[in-house]
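S.K.: Sequence:
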Amino acid sequence: MPAALTYNLCDDKYNWYYHTLPQAHMNNRALYWPRGRVWGGSSSLNAMVYIRGHAEDYNRWQREGAAGWDYQHCLPYFRKAQCHELGENRYRGGSGPLHVSRGKTNHPLHKAFIEAGQQAGYPFTDDMNGYQQEGLGWMDMTIYKGKRWSTASAYLRPVLSRPNLKTEVRCVATRILFDGGRAVGVEYMQDGQKKKVFAEKEVILSGGAINSPQLLMLSGVGNADDLKELGIPVVQHLPGVGSNLQDHLELYVQQQCTQPITLYKAQKPFHMVKIGLEWLSLFTGYGATAHLESGGFIRSRPNVTHPDIQFHFLPSQVIDHGRVASKIEAYQVHVGPMRSTSIGWMKLKSTNPLDHPILQPNYLSTDIDVWEFRQCVKLSREIFAQKAFDPFRGPEVQPGPQIQSDDDIDAFVRQKADSAYHPSCTCKMGSPSDPMAVVGADTRVLGLERLRVVDASIMPSIVSGNLNAPTIMIAEKAADIIRGRPPLADPGVPVYQPPTLETQR
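Per full-length UniProt numbering, residue 1 is the first one in the sequence shown, and the count goes up by one each step.
For the record, the hints were derived by calculation from the structure and aren't laboratory data. For glycine and all other residues, C-beta sits at the position ideal for the given N, C-alpha and C. Please note that the accuracy of each hint is not assured.
[Said to hold, decoys possible] When the alpha-carbon atoms are kept at most 30 Å apart in a straight line, the in silico DSSO-like pairs for lysine-lysine are as follows:
1) 111 x 274
2) 166 x 111
3) 347 x 196
4) 228 x 265
5) 349 x 145
6) 13 x 147
[What the hints assert, rightly or not] Pairwise CB distance ranges (calculated):
7) 486 x 118: 37 to 47 Å
8) 325 x 226: 42 to 52 Å
9) 191 x 494: 47 to 57 Å
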C-alpha cells in the first residue's frame with residue numbers, strides 16, 4: 001500500500017537502517033539513513049516520487065568527466081524506462097516497464113500550494129520532468145493501479161521464469177573474488193554458510209551508494225592506506241572509493257490547518273481500517289497514493305541558472321520520519337537545497353561485512369549551505385502566506401512564529417533538518433586522469449578487468465531532485481553499454497530558461 005510507506009521505511013526488516021556519525025554542525029545528531037535490503041532496493045522503501053533532475057545536471061556530469069552522459073544522451077534512457085499514464089511525448093516515455101502516474105486525490109491543499117506558488121511569483125509547470133522543471137505543479141509517482149511500482153515490479157518479477165536468470169535471497173555479498181586484476185566471482189553468506197559464485201563474463205555491483213563502495217573496500221579496492229590499516233590486501237589503489245559522498249538534506253515547514261481536511265483523521269484506527277479495506281478491494285482511495293502529489297523547484301537567489309531548492313508538499317504533519325502519527329490538523333512542505341557544497345565520505349568500520357560502515361556526510365559544513373537553508377525557510381513561509389492558503393492557515397507549527405532572526409533559523413535547521421535519503425556519488429564516474437574517479441564512462445572500475453558498478457554511487461555529482469528515476473536511467477544506459485549497443489541519443493529538445501537571471505524569480 002503506497003500510503004503505508006513508513007512501515008518499511010522505519011523498520012529494519014527490509015532496511016539496512018544506517019545512521020551517520022554525529023554531525024558537528026547539527027548539534028552532534030546522528031542522522032537516520034534507511035536503505036533498501038530487499039528486491040528493488042530503496043525503490044521498495046521510498047516515497048515513490050519520480051523526479052529526473054534538471055538537464056543541466058547531466059551536462060555537468062559530462063564536464064566532470066563522464067563522457068557521453070550529457071542530457072542529450074540520458075534523456076532517451078529516461079524515456080525508454082518510462083510508461084507514463086499521460087502518454088508519450090518528446091520528454092516522456094509511453095511503453096517502458098516503469099509505470100509512472102499522477103496523484104488522484106484532488107486534495108484542496110495541493111491545489112492551494114500550487115496556486116500560492118503562482119501568487120508568490122513562481123511559474124506553474126505542467127511537467128517538472130519535461131521542458132520546464134522550474135515552478136510548482138503536480139508530481140509524478142511510481143505507482144501503478146494503486147500499488148507501488150518498484151524496480152522489482154518493473155524489471156525483475158516479470159522475468160523470473162527466464163532460464164538465464166537465477167536469483168538468491170537472504171544473502172550478503174562479502175567479497176569480490178579476483179585473479180590478479182581480474183574479477184572472477186563473488187563470495188557471499190547465506191543462512192550462515194559462506195558460498196561462492198563465479199562469473200563467465202563480468203561482475204556488476206549494484207549495491208547502492210553505501211554497499212557498493214563497502215564491498216569494493218572489503219575486496220581490496222579503495223584507498224591503500226585505509227585498507228592496509230585494516231589488514232586488507234590491496235588489489236587496486238582507488239582513493240575515490242567511498243569519497244565524494246553527497247546527499248540531500250531537508251526540513252519540514254509546518255502550518256496548522258483550520259479545516260478538518262488533512263490526513264490527521266486518516267491516521268486514526270477506524271479510518272485506517274476503512275482506507276485499508278478500500279485499498280485491498282479496489283486499490284483506490286487514500287491508500288493508493290503516497291500523498292506527495294504536488295511540489296516544485298525554485299531558485300534560491302539571482303544568477304542561479306537552474307533551480308536549487310526543491311519542495312514536496314504534504315497535506316499532513318510528519319513527525320520523526322513518520323514513526324509518530326500526526327498530532328494536529330496540519331500541512332507541511334519538505335524543503336531543502338539540491339546541490340549542497342558539503343561533501344562527505346564513508347569508510348569501513350572493520351573487515352566484518354555485517355558491520356555498518358562509517359558514514360560522514362559533513363552536513364552544513366559550508367556557509368553557503370547554511371544560507372540556502374535560511375532561504376528555504378523564508379521562501380516556504382512566503383508561499384504559505386499567500387491568499388490561496390487563507391481558508392486553511394492556522395498558526396505556524398514549525399519552525400514556529402518565535403523563530404525569525406537568521407540566528408534562530410540557523411539553530412532550528414541544525415536541530416530539525418534531516419536526510420532526504422539520497423546518498424550518492426561514492427564511486428564517482430569520471431576520466432581515468434581524475435585521481436578520485438572510480439569508474440569510467442563505460443561503468444568499468446578503473447584499473448581492473450571484468451568489474452563494473454551500476455547504481456547511484458557512480459553519479460559524479462548529485463542531481464537536482466530525487467534519485468530513483470536517475471538511478472533507473474543509469475541502469476538502462478549501462479545495459480546498452482554492457483551489451484555493446486550504440487548509445488541512444490536525442491537530437492535535442494528545448495529546455496526552459498528563466499526569462500532573467502537578474503532576479504530570484
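S.K.: Does each hint hold? Answer for all of them.
M.R.: Evaluation of the provided hints:
1. Annotation: proposed proximity of residue 111 to residue 274 holds, straight-line Cα distance about 25 Å (limit 30 Å).
2. Distance restraint check for residue 166 and residue 111: the Cα-Cα separation of roughly 47 Å exceeds the 30 Å cut-off, and the hinted pair is therefore not satisfied.
3. The hinted pair formed by residue 347 and residue 196 meets the criterion: a straight-line CA distance of about 25 Å does not exceed 30 Å.
4. A threshold of 30 Å between alpha carbons decides the hint, and for residue 228 with residue 265 the separation of about 56 Å lies outside it, so the pair is violated.
5. Restraint check for residue 349 and residue 145: not satisfied, since their Cα atoms lie roughly 43 Å apart, outside the 30 Å limit.
6. Distance hint between residue 13 and residue 147 is fulfilled; the C-alpha atoms sit about 20 Å from each other, no more than 30 Å.
7. Distance hint check for residue 486 and residue 118: the Cβ-Cβ separation is about 43 Å, which falls inside the suggested range of 37 to 47 Å.
8. For residue 325 and residue 226, the Cβ-Cβ distance of about 43 Å falls inside the hinted range of 42 to 52 Å, so the restraint holds.
9. The hinted window of 47 to 57 Å between residue 191 and residue 494 holds, with their beta carbons roughly 55 Å apart.
The structure shown violates the earlier hints numbered 2, 4, 5.
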